[in-house]
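Enquirer: Here is how the chains run, residue by residue.
Number of protein chains: 2
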Amino acid sequence: MAEKPLILVTNDDGINANGILHLSNIAMKFGDVYIIAPDKPQSGMGHAITINSTLRLQKSQYHKGALLEYNCSGTPVDCVKMAVNKLLPRKPDLVLSGINHGSNSSINVIYSGTMSAAIEGSLEGTSAIGFSLCDYSPHADFSGTTHYIDKIISSVLADKLPDGVCLNVNFPKLTFKEIKGLKVCRQAKSNWVEEFDERHDPHGNPYYWLTGKFINFEPEAEDTDEWALQNGYASIVPTLHDLTAHNYINHLKNIL
Amino acid sequence: MAEKPLILVTNDDGINANGILHLSNIAMKFGDVYIIAPDKPQSGMGHAITINSTLRLQKSQYHKGALLEYNCSGTPVDCVKMAVNKLLPRKPDLVLSGINHGSNSSINVIYSGTMSAAIEGSLEGTSAIGFSLCDYSPHADFSGTTHYIDKIISSVLADKLPDGVCLNVNFPKLTFKEIKGLKVCRQAKSNWVEEFDERHDPHGNPYYWLTGKFINFEPEAEDTDEWALQNGYASIVPTLHDLTAHNYINHLKNIL
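Residue numbers (our numbering), protein chains in the order written: chain A, 475 to 730; chain B, 475 to 730.
In short, the hints are calculated from the structure, not lab data.
Treat the hints with care, since some could be wrong.
Identical chains blur together in the list; that is why a pair holds if it fits in one copy or across any two.
Taking lysine-lysine and the DSSO-like style, the derived pairs with C-alpha atoms no more than 27 Å apart in a straight line are [unchecked claim]:
1) K533 to K560
2) K727 to K625
3) K478 to K651
4) K625 to K533
5) K625 to K514
6) K651 to K687
7) K560 to K538
8) K687 to K560
9) K478 to K514
It should be emphasised that the depicted structure is a prediction, and the values quoted were computed from it without experimental measurement.
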């Protein structure tokens, strides 16, 4: 590649989070870094886009060394769309999202703004990777992830991901020495059993907070991301945006 | 089944939309209908959930014949979670979402609140179907869809969908006589090229509206939902929430 790779960095915890700071600093070793990220936390936004209201963009300079930096009032997917279609000088070579403060393994991938930004990157025809650390603290220690992120970025820049595939990388809450390695996995079958915490406002009217308990339906399955994380590995799951259940097409033709 | 099927109906256009009225009236022929739907339009919300703010629920009676009806301040996925975990007397036998005012074919599935509600239904272990009509008008004519929705609901109640699969059904903007039939398809490869419409507020500051142009990358592929809809068929795509690119796992193991 004659010119340096153009790397777009975004996240869902907001442009000020420590996770995106760690990730963009790593990205700067590999290319020209452009940061377009939400101006506030956007966790759990999934693949939401802003179509019924307006978007704002603001130039900022939180990240020393970034070639261009904007924060956007929209969702993580809005940020990628804004970047690719309006702000970047050319199509990016790589989209990086994260590092998320908290897990995006197994079914969490579907609710995750971090991973939806990566999936949107792959929709734009660009290699894309979402990174998450299984630690929700704003002051989480990301240092154990650096070695692996270096390795994954090198590998993906050398061997572009195939059309329609991005990567979902999750790190256990461990130091570099404690992490046993990187394991390629599939998404574990899992779900959340929700408990709605009912409270009453000062006027006596009820309102609810969504809380829940995570259930792994296959804790013994060693080829899953949950197993890897529970057993001290970082997990990496190749992730699609073609949601078609190809295996079920013929059966469906027969029953309809 | 000794008791009547329990059917949850939701949508993303809001509880007052004509599409959910049409769908819930059909559903009442098949079972006991519970409607829990957003209190306002939630198009483009994808699989977003409300975790950083609170949810409100309000009992309503827009739909004559529903056993219970609530509108919820949250997203379509919030509505399904609220219904299944809090409001319904037992696990539903079927989750129906729609009928959406507008297409949810091909890549639109990933941005769609309608389809995310159906996917959430399948995550809860329930057969689930999202219906959409390729007509964005609030006064769209849904009468051409009735025959096919009857047929699909009958079929799915008789033959439960497999674990992890829901259905994405789209209807062309045609009368019943004009619709050529129902076609089982895969999701077409497609994308949106976005154009951000830049305007200025009364204070002179810029803001943006997301608009875009839909691109079908494979207009000749007769096994896709886009082809079906363009050629006068209703499309039905079996849809997954396992996003793993299973075919790419071995290659990834080799390069990392």
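Enquirer: Now look at each hint and say whether the structure bears it out.
Expert: Checked hints:
no.: 1; hint: K533 to K560; in the structure: within (14 Å within a copy, 43 Å between copies)
no.: 2; hint: K727 to K625; in the structure: between (44 Å within a copy, 13 Å between copies)
no.: 3; hint: K478 to K651; in the structure: neither (32 Å within a copy, 58 Å between copies)
no.: 4; hint: K625 to K533; in the structure: neither (31 Å within a copy, 54 Å between copies)
no.: 5; hint: K625 to K514; in the structure: neither (30 Å within a copy, 46 Å between copies)
no.: 6; hint: K651 to K687; in the structure: neither (30 Å within a copy, 49 Å between copies)
no.: 7; hint: K560 to K538; in the structure: within (22 Å within a copy, 48 Å between copies)
no.: 8; hint: K687 to K560; in the structure: between (40 Å within a copy, 14 Å between copies)
no.: 9; hint: K478 to K514; in the structure: neither (30 Å within a copy, 46 Å between copies)
Going through the hint list in order, the structure does not satisfy hints 3, 4, 5, 6 and 9.
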